[in-house]
Every structure is written in C-alpha cells, then in structure tokens.
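> The lines below spell out each chain.
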Amino acid sequence: MKTRLIILFQFLILFAHAQVEISGVVQSETGSPITGVNIFIQGTYDGTTSDSLGVFSFKTETSGEQTLVASCVGFETYGEQLNLSSNISDLKIVLIEEISELDEVIINAGTFEASDKKKSVVLKPLDVALTAGANGDIFGAFGKLPGSHTVGEEGRLFVRGGESYETKTFMDGMLVNTPYYSKMPDLPTRGRFSPILFNGSVFSTGGYSAEYGQALSSIVALNTVALEPETKSSISVLSVGLQGSHAKRWENTSLSISGEYLNTALTNKIFKQNVEWLKVPVIVGSTMLFRHKTSETGMLKSFASFNYDTSSLLYDNIEQLTSQEVSLGNKNLYSNTTYNEMLNDDWMIQTGIAVNIDRENMDINSDNIATSRNSSQLKLTLSNYSVKDVTTTFGAEALVYKYDQDIDMDGNFNLSFDNNLFAGFAESEWKVTKSFALKAGLRTEYNSLINEINVTPRLSAAVKTGKSSQLSAAYGKFFQNPNDDYLKFTDELAPETSTHSILTWQYKKDSRTLRIEAYNKNYSDLVKFDEEFSVEPGNYNNTGSGYSRGIDVFWRDQKQFGKADYWISYSWIDSKRNYRDYPVKVTPHYVSKHNLSVVYKQYFTKINSFISGSYTFASGRPYNNPNTPEFMAGKTKTYNDLSFGFTHLFYLFNTQTVAHVIVNNALGFKNVFGYNYAQTPDNNGVYQSQPIVPGQKRLIVFLLSFQL
Amino acid sequence: MKTLLTLIFSLVVLTAAAQGKNYETAMTAALEKMKSSETVANFQEAANTFERISMTETKEWLPLYYASYSIIVISYIDQDVNKKDPSLDKAQQFLDNAFKIAPNESELYSLQAFLYPSRITVDPMTRGMEYMPKMNAALDKAIALNPENPRSYYLRAITLFNMPEQFGGGAEVARPHFETAKEKFDKFEPESPLHPNWGKEINEMEMKKL
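Just so you know, the protein sequences line up as chains A and Z, in that order.
Take the first sequence: its position 692, counting from 1, is numbered 692 in our numbering, and each next residue is one higher.
In our numbering, each number is its position in the second sequence, counted from 1, plus 708.
Source of the hints: derived by calculation from the structure; they are not laboratory data.
All C-beta atoms in this analysis are idealised placements derived from N, C-alpha and C, irrespective of residue type, glycine included.
Treat the hints loosely; a few may be bogus.
[As the list claims (entries may be wrong)] Restricting the straight-line Cα-Cα distance to at most 30 Å, the calculated cross-link-like pairs of lysine-lysine (DSS-like) are:
{"hint": "1", "chain 1": "A", "residue 1": "K508", "chain 2": "Z", "residue 2": "K791"}
{"hint": "2", "chain 1": "Z", "residue 1": "K767", "chain 2": "Z", "residue 2": "K792"}
{"hint": "3", "chain 1": "A", "residue 1": "K697", "chain 2": "A", "residue 2": "K183"}
{"hint": "4", "chain 1": "A", "residue 1": "K593", "chain 2": "A", "residue 2": "K697"}
{"hint": "5", "chain 1": "Z", "residue 1": "K798", "chain 2": "A", "residue 2": "K464"}
{"hint": "6", "chain 1": "A", "residue 1": "K59", "chain 2": "Z", "residue 2": "K767"}
{"hint": "7", "chain 1": "Z", "residue 1": "K791", "chain 2": "Z", "residue 2": "K743"}
{"hint": "8", "chain 1": "Z", "residue 1": "K741", "chain 2": "Z", "residue 2": "K767"}
{"hint": "9", "chain 1": "A", "residue 1": "K293", "chain 2": "Z", "residue 2": "K798"}
{"hint": "10", "chain 1": "Z", "residue 1": "K849", "chain 2": "A", "residue 2": "K563"}
{"hint": "11", "chain 1": "A", "residue 1": "K576", "chain 2": "A", "residue 2": "K637"}
{"hint": "12", "chain 1": "Z", "residue 1": "K895", "chain 2": "Z", "residue 2": "K792"}
{"hint": "13", "chain 1": "Z", "residue 1": "K741", "chain 2": "A", "residue 2": "K467"}
{"hint": "14", "chain 1": "Z", "residue 1": "K791", "chain 2": "A", "residue 2": "K92"}
{"hint": "15", "chain 1": "A", "residue 1": "K509", "chain 2": "A", "residue 2": "K467"}
{"hint": "16", "chain 1": "Z", "residue 1": "K741", "chain 2": "A", "residue 2": "K293"}
{"hint": "17", "chain 1": "A", "residue 1": "K559", "chain 2": "Z", "residue 2": "K892"}
{"hint": "18", "chain 1": "A", "residue 1": "K509", "chain 2": "Z", "residue 2": "K917"}
[Unchecked claim] Some chain Z residues flagged as far from chain A (calculated, every beta-carbon gap over 12 Å):
{"hint": "19", "residue": "A734"}
{"hint": "20", "residue": "E753"}
{"hint": "21", "residue": "E759"}
{"hint": "22", "residue": "E856"}
{"hint": "23", "residue": "I866"}
{"hint": "24", "residue": "F869"}
{"hint": "25", "residue": "A879"}
{"hint": "26", "residue": "L902"}
{"hint": "27", "residue": "E912"}
Okay, chain A solo, but in the shape it has when bound (with noise of 0.2 Å):
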C-alpha cells in the first residue's frame, strides 16, 4: 500500500508542473518586426515562431530561473535570464543584426580580388575569362580594371605610370617569373596560362602584402584549382588551332594535361595584316596539374607547363632606315609545386619550390641573340592563429637567379650574372572588431649581386563607415632590382623603389558596388643612362625619379543570373618620370591621362547563349617628336576598341558543345600607340616617321569545344 502511494505521489510530481505563459515581441534595432525568429526556453522542447508581426508567445512547464533564447538567421543569437514564477508578457526582444562575411570590414586598399568561395570580392574568375576584348588573357582581362593604362602594342600589364616590369605574377604564391610569351617589336604579347587554370586571383595594384617583393606597381596572385571535380575530356577546334584536354579524378587525387596547337595563318590570311609576316606565329604548349588531398586540410598541388613559340617578320625599321628580318624562338618551362597543411589548430605550413627556364632566340638579319633566363625560388610561410582575431604570417624564400645573354653582332659578346635573393617577412593582420581592421608588416631583402640589404614597411587598415560603406588605407615601401637589360651591363647599381600612399572608399550593397581610389606614388632610385646599349657601366646610374597620382573609380552592378551585369572602370592619372635617357621629367609615352572600361555580360537561359561586350577609351599618350625642341611633346589620337564574345552551349553529335565567337575592334577604329622617328634627318632636314599600329585592324576568332 505504502509502495503504490508512492508510485501515485511521484505521477503527481511529474505531472502536475505549472504552466507559465511567456509572450511579447521580437523587434529590430530600427525598431520593425523581425518574424521567424526561434525562442525558446534553452534546454527545452517549449518555443515558438515570432509570426509576421513579430509577436510570439507560449507555455512552458519549466519554472525557476531559466534561459530565453532568441535565434534568426541574420541577427546575433539573444539570451536573457528569466524568472519563470508567473505568466511574463510583453516581453520586448531587439535582435542585433549580425555583421555577415558580406558586410565585415575587409582591407581592400589596392586590391581586387576575383573568386568562388569568398563573398566579398568584386570579381568572378569567369569574369576573368569572359572578358569581351581580353582574348581569353588574364592580363588582358585585368587591363579593363582600374589602375591599368591601355597599351596596345605591349599587350602587358602597365600599372598606375608603372612599367610592366614593375608588374609581379605569382602562382599559388610561387613566382612566376616570364609571364608572357616572347614579343616581336611593335607587336603586342599576351599571357601564356589559361584563365580556366585558376579558381582565384587578386591583381593589387599597390599597397600589397609584404609576403610579396621585387615589384614597384603590382602584382598578380594566382591561385589555381583544388581537385578537378570529375574525370571529363575536351577537345576544340578554333580558326587559330587545336585544343585538347583530359582530366581524372580519384578520390583524394586529380590529374588534369592539356594541349595545344595554335597557328594564326588562316587569321592572317583572312584578316589584313599591317605587318609582312615570314613566318606566322606559332605556339605549342602543354599543361599537366596534379593534385593530391593529402588530409582534411592538407593539399599537395604540382603544375608544369612547357611551351615553344615562334615567328618571323619583316620589320620596317625607321628608327635605322633599313627593312629587317626578325626572327623569334622562345621556349619557356615553368615548374611549381606547393604544398599546404594545418599542423594543428593553431599553425598553418605553406611551401613551395618553383623552377622557370627561359630560352629565347632573336635573329635579326643575319645577327641573333640569344637569351637565357633561369630562376629557381623555394618559399616556406607558417601562419599563426592562436590569438583570436588575430593572424600572423612569418615566412623566408630564396630566389637563385640566372641571366646569360650571347649577342653574335660584328662579333661575339657574352652578357650574364647571377643574382641570389634571400627575403624574409612577418606580418600580421588583427581584427580589432567587426568594423576595424589592421595590417601591419616587414619584408627584408638581400641581393647578393648587387649586395644589399633593406627593410620595408607595410601597412593597412579598414575602418567601416556604414552597414554597406567602409574605408580602408595602405601604405608601402618597395624595392625592385633594376631590370635585366641594365644589370647585365653594371652591378654597380642600387635597387630602384617607389612608396605607395593609397585611399580607398568602397560601398557594396547587394549586386552593386562603387569603389573610388586615390593614390599617390612616388618613384626614385630608377635607373637613368645617356646612352642605350652602352656596354660601359659608367653609362647607368640611379638618379632617376617620378611620381604618379591618381583617382581609378569602379561601378558594378550585377544583377541576379540572367540579367545585365556589367562594370564602368576609370582611372585618372597624372604621371611624370625622369629616368633612362629623359633629359627632363615628362609623362611617359606608355600613360594616357584617362582609362575608361564598361564591360557588359548577359546570360539568355532561352537560348543558351551567353553575350559579352566591351568598350574601351583611352586619352592620347606623350611621344617624342625630334622635330620639335621639346621631349616628349607629341600627343596620338585617343584609343578605341569595342568588342564583343558570344558563346552558344547546345548538343552536336550527341555531345555537349560549346560555339565561341570573339570580335575585336568590331567598329574598325583606326588606333595609333605611338610613332617610330628615324634617328638620323633626311635631305631636308627632317626625321621621318611612322606610325606605331595594331597587327591587323579586326580580328575575328572561332572556337568550336566539345565537351566529353
């Protein structure tokens, strides 16, 4: 009896809780309703939906102290302790909206940034390969941001009244140190990777980290693709060649070749060329990536690529009054292999070994020259993220350098040296809150040719100004070895540097962000001479200097799939410079004062068809006219291009297809980059000259892809 007493006291006890009701209402900072909030007594099934007014309420059988919890996608999770004695009402609940990935303060000053994962970038690396009038090159696509001038007849990366050589390309953090294919005098390059090869990139265009050196403007990171997500094969066909690639993927292991065979002659034929071609260019190159995921946060990456090009021309050289044969051969390899791995929570290993061997083999009449480049870089980097908000990057690389020329012109010279570069750097980033960012760093170089030591700074930060606005500041001191073409005649000079001043306001909201940059740069220590070529190495010194200063505007706006997008690019800039023969400071003849870029990209689902354009202006630029007394004085006519790509996927054969078509200058704007002057007057007292123009006025390109 006793025994069953109990039973039915213990029933009693666990059923006989008291009910309280909780109720009231979930408002935000603004004071409007937030509806589909979670609350809830923590610990406990009871809880209930904030409903479209925001309102909630329900019963509980908990009682006591307990805790109320209030939970939303896109607010910062609410707790508050409650006394739950009797029925509460009325209870008021503000959600604190919870600053997103999207909207965190990011240091941006000089950067975009183009990628997949993050969400706070600009850029797609579609974008990058989609680019109407880029061809398909990275650096042609980066030439339609801000910051870059357009310079038709380089085809390079000309930065912020920077040389291209002061331009860096870095894959997977490893130096890539020729970028580009070989150049005929006159005749633009491009890049030589694919921009299908990355999944993301960042092109700065100052103020960069101090894991980077040896560049003055810029620098381009490439970060090329984990595991190939399945084992596919392509082939395509285009007016200027073949293409092929297979790639296969294991569980932890991809392996990915590709191939190609590229021949301008039908182009040519079909498109006018302002240039007596002896021999149409012709590229083969090959690619091979291996991939293996070594652990849950562990990647082993390798990358080879191997490539021959070569050409010939007739080149109607004014500047010596005579027409030349000019042949060119260039084999380029380039070798990387990197791995990264978390050692534990707290570190993360990045290394990497990269070789470059470049050979390149100019004929000129019956005079070559012959030219070789070979780099080899290793690079250890350990990051650190025990303190919270805080990363720490310290790293070292070396960089064996070798440079060796052989001219056979009225006789045999050999011009070579060596250069050994070790760096070291440290930098580190702290979050200080969710709105203020700070960067600080220190890189160290030594040179053994030129056998120096320096030390430089950078810094940055980011302040947010607003849910969507934020500015952010860098400053940065630069060092870059003179180029080759100086250090094979003299090691007695100093490395040339340039310091960076950069402010950058950004707005992003949704699909549009305004981004406005000013910048200030200044240039010294840069190699100046009195006469070109000159073997005597009195002839160089390092006196010369510059500046450039600017403003580079950016608008995009990126609708949802299926509608516009497109971006506007302007960069102003007032750049001067005294250096190689200039006998006073002048703006150089590869910066035109005004860069405009609107890009346009649009996907129509119903045809399958993608459509982009581009339009691109550039002001006149400076050249030297010697039959005026001033340098420099000359001013072409402004640069205009407009093109287009249009890209169709559907079925051919049973396969899946896809039809390219690229059309550049499709308006036939007559551009001019300059002029050639003859270095001695004719019988009237007159330098001739002539005019420095694109290969062929259009240039129409097809590519037919078959997907297996």
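Fit chain Z to the supplied structure of chain A, relying on the hints for placement.
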C-alpha cells in the same frame, strides 16, 4: 530499504519513459505540422521546432535532418536570391551535425544532394560547374549506402528533368530514373514513423509531366 529502491528505480524508469515519449510525441506533432506546411512561415515554424528538439536530443539525427530539410524547402520557395546563402549555410550546419551523429546514413547524403541545386540557383554560371559534380557524388554515395532509398533516384530524376537538353538533361533522359524511383517508393518501408518518407507523391506528379 526495499521501498527506497523501488522509489529510485521507478523514478528513473518513469523519467526516461517520459522523456522518450516526449521526444516521439514532439517529433510526431512537428512532422504532422511540417507535412501540412505550404508557406515559408509554416516551414520556418517547422524548422524552428526541429531545431529546438535537436538541441536537447543531441544523439538523434532526425531532428537535424528535418530542420535542414525545412530550410532547404524554403530556399526553393523563396525567390530572394540575397537570402539564400545565409539560410542554406544554416541548413548545411544542421546537416553537418547530423553527419557527425550518423555518418553512414543514406538519407543524409540524399538531403545533401537536395541542398546543392539550391546553391546553384544563386549564380548558375559559376556554381553549376562546382555543385553539379558534388551533387552527383552525394547521390552516388547515398545509393551505395542504401540502394533502396527511393529519394536518391527521385532527386537524380528531377534534376535531369529540369536540366536543358543541351547540358545532357531532358524528359527522355530523366524517365528511367523516375521509373526506378517509383519502383523503390512502392517497396519502401520507413524504419519508423519518424524516419524520412517523403517524395512518393511528388515523384508521381512529376512523372505525369513527362
């Protein structure tokens, strides 16, 4: 002494039973609600309920499964592209926690394959290439773990059906997959009334469109 032991023993048994019963009752009620859901608000309510249950029942994968499922459904109903990623992040978080509890559960891989296409709709150009192979891999794994799980076949069928012919999709390609799904649905017996058992009706509805 005997009385005290009885007391303790019965207390333990009763509490445990009450709790177990509590879980089943709560899950059953929540499932009922989810099944009758039609609007974003309904599914949000269901997701919240399952989330609350999941926080107490840390050894059960089902509450996490349904919390994730409800959010994925919302992402297909709600057209606002800007909201999709944050809520799918949450759905993925539930799913990841469920994987920790039941790493070899075919249903979880099926649900993963249900989530990926929603990510694609945010930015088809860039995401299609990334998520299609991931989705296929998840379905392969789901089928390998349990060839009798009909949802894997249905999800493969519906994806192929909605994919343009140019990309290797279309009604004819999808048909055999719908048929396999139907076969599997007809035979399917859930492990318990709380286990996943959705998709039969929609599979038949879609088959009528072929």
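> Can you name, in rising order, the numbers of the hints this structure does not satisfy?
10, 12, 13, 16, 17, 18, 19, 20 and 21
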